[in-house]
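> Each chain is listed here by its residues.
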Amino acid sequence: MHTGPSDNEILSRVLQGDQQAYAEIVKRYQAFVFTIALRYTPNREDAEEIAQDCFVKAFRSLSDFRGESKFSTWLYTIVTTTCLTFLRKKKLETSSLDNEKVFEAADSLDSGFRANQIEQKSRITMVNKAIALLSTDDAQILTLFYKGEQSLEEIAQVLAIEANTVKVRLHRARQRLKEKMEKHFAAELSDL
Amino acid sequence: MNTQQNIEERLWSYIDGVSGVEEKSAIEELLQSNLEWQRKYRELLDIHELLHSSELEEPSMRFTRNVMEEIARYQIAPATKTYLNKRIIYGIGTFLVTMIIGFLIYGFGQTDWSAGGNTNVNIPVDLGKVDYTKFFNNTYVNIFMMVNIVLGLGLLDRFLSKKKAERTAH
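These protein sequence lines are chains A and B, in that order. Counting in the working numbering, the first sequence runs from 1 upward without gaps. Counting in the working numbering, the second sequence runs from 1 upward without gaps.
There's no promise every hint is true.
Here are the simulated SDA-like cross-link-like pairs (lysine to any residue), alpha carbons at most 25 angstroms apart as the crow flies [as the list claims (entries may be wrong)]:
{"#": "1", "chain 1": "A", "residue 1": "129", "chain 2": "A", "residue 2": "31"}
{"#": "2", "chain 1": "A", "residue 1": "178", "chain 2": "B", "residue 2": "52"}
{"#": "3", "chain 1": "A", "residue 1": "147", "chain 2": "A", "residue 2": "185"}
{"#": "4", "chain 1": "A", "residue 1": "27", "chain 2": "B", "residue 2": "68"}
{"#": "5", "chain 1": "A", "residue 1": "90", "chain 2": "B", "residue 2": "155"}
{"#": "6", "chain 1": "A", "residue 1": "129", "chain 2": "B", "residue 2": "42"}
{"#": "7", "chain 1": "A", "residue 1": "183", "chain 2": "B", "residue 2": "9"}
{"#": "8", "chain 1": "B", "residue 1": "164", "chain 2": "A", "residue 2": "161"}
{"#": "9", "chain 1": "A", "residue 1": "129", "chain 2": "B", "residue 2": "48"}
{"#": "10", "chain 1": "A", "residue 1": "183", "chain 2": "B", "residue 2": "47"}
{"#": "11", "chain 1": "A", "residue 1": "147", "chain 2": "B", "residue 2": "57"}
{"#": "12", "chain 1": "B", "residue 1": "40", "chain 2": "B", "residue 2": "5"}
{"#": "13", "chain 1": "A", "residue 1": "129", "chain 2": "B", "residue 2": "8"}
{"#": "14", "chain 1": "A", "residue 1": "129", "chain 2": "B", "residue 2": "57"}
{"#": "15", "chain 1": "A", "residue 1": "89", "chain 2": "B", "residue 2": "163"}
{"#": "16", "chain 1": "B", "residue 1": "164", "chain 2": "A", "residue 2": "156"}
{"#": "17", "chain 1": "A", "residue 1": "90", "chain 2": "B", "residue 2": "63"}
{"#": "18", "chain 1": "A", "residue 1": "27", "chain 2": "B", "residue 2": "58"}
{"#": "19", "chain 1": "A", "residue 1": "183", "chain 2": "B", "residue 2": "36"}
{"#": "20", "chain 1": "B", "residue 1": "162", "chain 2": "A", "residue 2": "73"}
{"#": "21", "chain 1": "A", "residue 1": "57", "chain 2": "B", "residue 2": "63"}
Between beta-carbon pairs, the in silico distance windows are [unchecked claim]:
{"#": "22", "chain 1": "B", "residue 1": "58", "chain 2": "A", "residue 2": "168", "range": "29 to 35 angstroms"}
{"#": "23", "chain 1": "B", "residue 1": "95", "chain 2": "A", "residue 2": "16", "range": "36 to 42 angstroms"}
{"#": "24", "chain 1": "B", "residue 1": "28", "chain 2": "A", "residue 2": "149", "range": "24 to 30 angstroms"}
{"#": "25", "chain 1": "B", "residue 1": "34", "chain 2": "A", "residue 2": "149", "range": "28 to 34 angstroms"}
{"#": "26", "chain 1": "A", "residue 1": "161", "chain 2": "B", "residue 2": "159", "range": "19 to 25 angstroms"}
{"#": "27", "chain 1": "B", "residue 1": "147", "chain 2": "A", "residue 2": "90", "range": "27 to 33 angstroms"}
{"#": "28", "chain 1": "A", "residue 1": "16", "chain 2": "B", "residue 2": "108", "range": "55 to 61 angstroms"}
{"#": "29", "chain 1": "A", "residue 1": "3", "chain 2": "B", "residue 2": "5", "range": "39 to 45 angstroms"}
{"#": "30", "chain 1": "B", "residue 1": "45", "chain 2": "A", "residue 2": "16", "range": "44 to 50 angstroms"}
Since the hints were made in silico from the structure, they are not lab data. Each residue gets a CB set at the ideal place from its N, CA and C atoms; glycine is no exception.
Kindly generate the complete structure, drawing on both the sequences and the hints.
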């Protein structure tokens with residue numbers, strides 16, 4: 001939850017001509033939008049470019065935001081479609097990036113580096129790494145639910161699917177996350 | 001396995017707070033009395049809390065400034081409802097439908113329905129002697145057909161790309 005003026009209050013100021021007020025919206029949502037973009041592409045520069053495009057598109061279409069849903073839900077819909085468009089242009093595969101293989105390859109490169117990373121043993125590091133091993137769809141739905149403060153119905157709106165489908169996908173994503181954690185972070189899990 | 005899945009699904013709904021009142025009471029009773037349910041609940045709650053503790057990635061320090069510099073070049077587009085009057089669209093649609101219905105009524109009205117039942121139909125044109133190749137020798141017809149083929153291929157490509165993107169997304 002954000003302190004200070006609500007999103008709708010800031011947006012009305014922007015619509016009345018106070019363009020600088022939009023900076024507050026960007027600051028509030030930049031981390032989330034960037035994180036979602038990173039689910040689609042591991043390249044941070046690309047993810048920043050996507051995130052920047054999302055905010056610019058949202059700004060230009062601000063008049064079409066009717067306020068029937070939360071601004072965050074509307075923004076996240078723009079993020080999803082922008083990410084897919086970007087990847088289509090770059091002709092990258094959107095899902096099933098077998099991040100597990102990437103992780104294993106990196107894992108074997110430098111055992112000293114690996115040992116240093118694993119030594120951190122923090123819950124946050126472990127779960128972030130585990131999420132990074134998931135497919136785009138799984139990572140995105142978990143991020144939308146746990147970090148985006150979106151309900152199942154709102155996530156359904158963002159992803160243009162049924163709410164029941166969201167529930168099933170969320171359940172599967174959690175299951176797959178658990179499997180990844182048990183496979184790659186068994187030692188850390190037992191220490192917690 | 002199905003029972004395990006069922007327990008997990010019900011527990012997740014309970015943890016997410018989307019279970020109905022009766023279901024919630026049933027689960028709470030099971031959690032008090034059933035060791036397997038208690039073990040599973042603790043396991044899933046751990047994952048739930050871990051997910052809550054995950055952090056978002058932060059973009060570069062210049063991100064907000066980059067966005068603001070970018071939007072300074074644009075104006076907010078007017079809402080589509082201000083320049084897209086639905087009444088005009090419905091009016092045009094109604095006009096077209098009325099025209100089509102009118103032509104159909106006129107066409108049927110001109111038809112001599114009493115002429116039915118005559119098996120000796122005299123077509124003034126001998127279809128066997130029509131040289132169809134002359135239709136495709138016309139330059140304008142060829143251009144028209146080429147344009148249609150290109151448009152058709154373009155639409156097919158868009159359709160197939162969309163299907164491929166949907167398949168890879170799943």
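> Taking the earlier hints as the rules, which of them does this structure contradict?
No numbers; nothing is violated.
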